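Chemist: Chain by chain, the residues:
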Amino acid sequence: NAGVTQTPKFRILKIGQSMTLQCTQDMNHNYMYWYRQDPGMGLKLIYYSVGAGITDKGEVPNGYNVSRSTTEDFPLRLELAAPSQTSVYFCASSLPRTSGSGDTQYFGPGTRLTVL
Amino acid sequence: AQKVTQAQTEISVVEKEDVTLDCVYETRDTTYYLFWYKQPPSGELVFLIRRNSFDEQNEISGRYSWNFQKSTSSFNFTITASQVVDSAVYFCALSEQASTNAGKSTFGDGTTLTVKP
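Chains as they are written, first to last, in our numbering: chain A, 1 to 116; chain B, 1001 to 1117.
Note that these hints are calculated values from the structure, not bench results. Any given hint could be a false lead.
Residues from chain A that face chain B, not an exhaustive set, calculated with beta carbons under 8 Å [stated by the list, open to error]: (1) Phe10; (2) Met41; (3) Gly42; (4) Leu45; (5) Lys57; (6) Phe90; (7) Ser94; (8) Asp103; (9) Thr104; (10) Gln105; (11) Gly110.
Every value quoted in this text rests on a predicted model; they were computed, and no experiment measured them. Just so it is clear, CB atoms sit at the ideal spot from N, CA and C, and this is done for glycine as well.
Make the full structure from the sequences, and use the hints.
Modeler: Here's what the structure looks like:
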């Protein structure tokens, strides 16, 4: 049981390039989330999903897109990279509230992205 | 809207000292969850504890203890006899139980704890 995995671990992009951050979980969690963590700051929610085919914006969605075609995968797409998107990106997952899990989120190891 | 404030940006202690990390939250919901996560220098986020808003009992787990007080909207975290391995960034988080919330959590900005030998 690998939990939540993210690839790549590190990436450097040039301004205007695009890329996809991959996130996969093998815990059969319905809910998945993407956060960014800027230096010295807490986590800010970018997008989230409550199940396959359902996604919604979080606090800071501009410049990003997501899709959720399967329960396991929740990729995050950056279309036109900007220096302001330099950050560490975390993917997380959780069970539905009805499961009694209490909204506990399980995090991947993060992707450190630098845009130059 | 929900908000979590961790007023202490950085704390430095000497090993074996006790240290308390403060967390104050704001919410209009009457039911919610509170969390503490640890982020060691390696960068991963580790779940430490979850507390339901209906449960104000304090909790102790080894050297860790948590004091939840609804009257002051606080959920403070104490490490007793701190160790160098406790050095990390600690995040407090809040998840409202409104049906539309979809399990989303709001995080504080974190407190960086440094334990010196």
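Chemist: Would you mind marking each hint as holding or not holding in the structure?
Modeler: Tested hints:
Against a cut-off of 8 Å between C-beta atoms, the interface hint on Phe10/A is violated, since the closest Cβ of chain B lies about 11 Å away. Interface restraint check for Met41/A: the shortest CB-CB distance to chain B comes to about 5 Å, inside 8 Å, so the restraint holds. A least Cβ separation of about 4 Å between Gly42/A and chain B falls short of the 8 Å threshold, and the interface hint therefore holds. Satisfaction of the interface hint for Leu45/A is found here, the shortest Cβ-Cβ separation to chain B being roughly 6 Å, below the 8 Å cut-off.
Contact between Lys57/A and chain B, as hinted, is not supported at the beta carbon level, the nearest pair being about 11 Å apart and thus beyond 8 Å. For Phe90/A, the interface hint holds, since its Cβ comes within 8 Å of a Cβ in chain B; the closest pair sits about 7 Å apart. Contact between Ser94/A and chain B, as hinted, is supported at the beta carbon level, the nearest pair being about 5 Å apart and thus within 8 Å. Interface hint status for Asp103/A: upheld, as the beta-carbon distance to the closest one in chain B is roughly 4 Å, under 8 Å.
For Thr104/A, the interface hint holds, the least distance from its beta-carbon to any beta-carbon of chain B being 5 Å, beneath 8 Å. Evaluation of the Gln105/A hint against chain B yields a held restraint, the C-beta minimum of about 6 Å falling below 8 Å. The beta carbon of Gly110/A is positioned within 8 Å of a beta carbon in chain B (closest approach about 6 Å), and the interface hint is therefore held.
Hint compliance for this structure: hints 1 and 5 are not met, and every other hint is.
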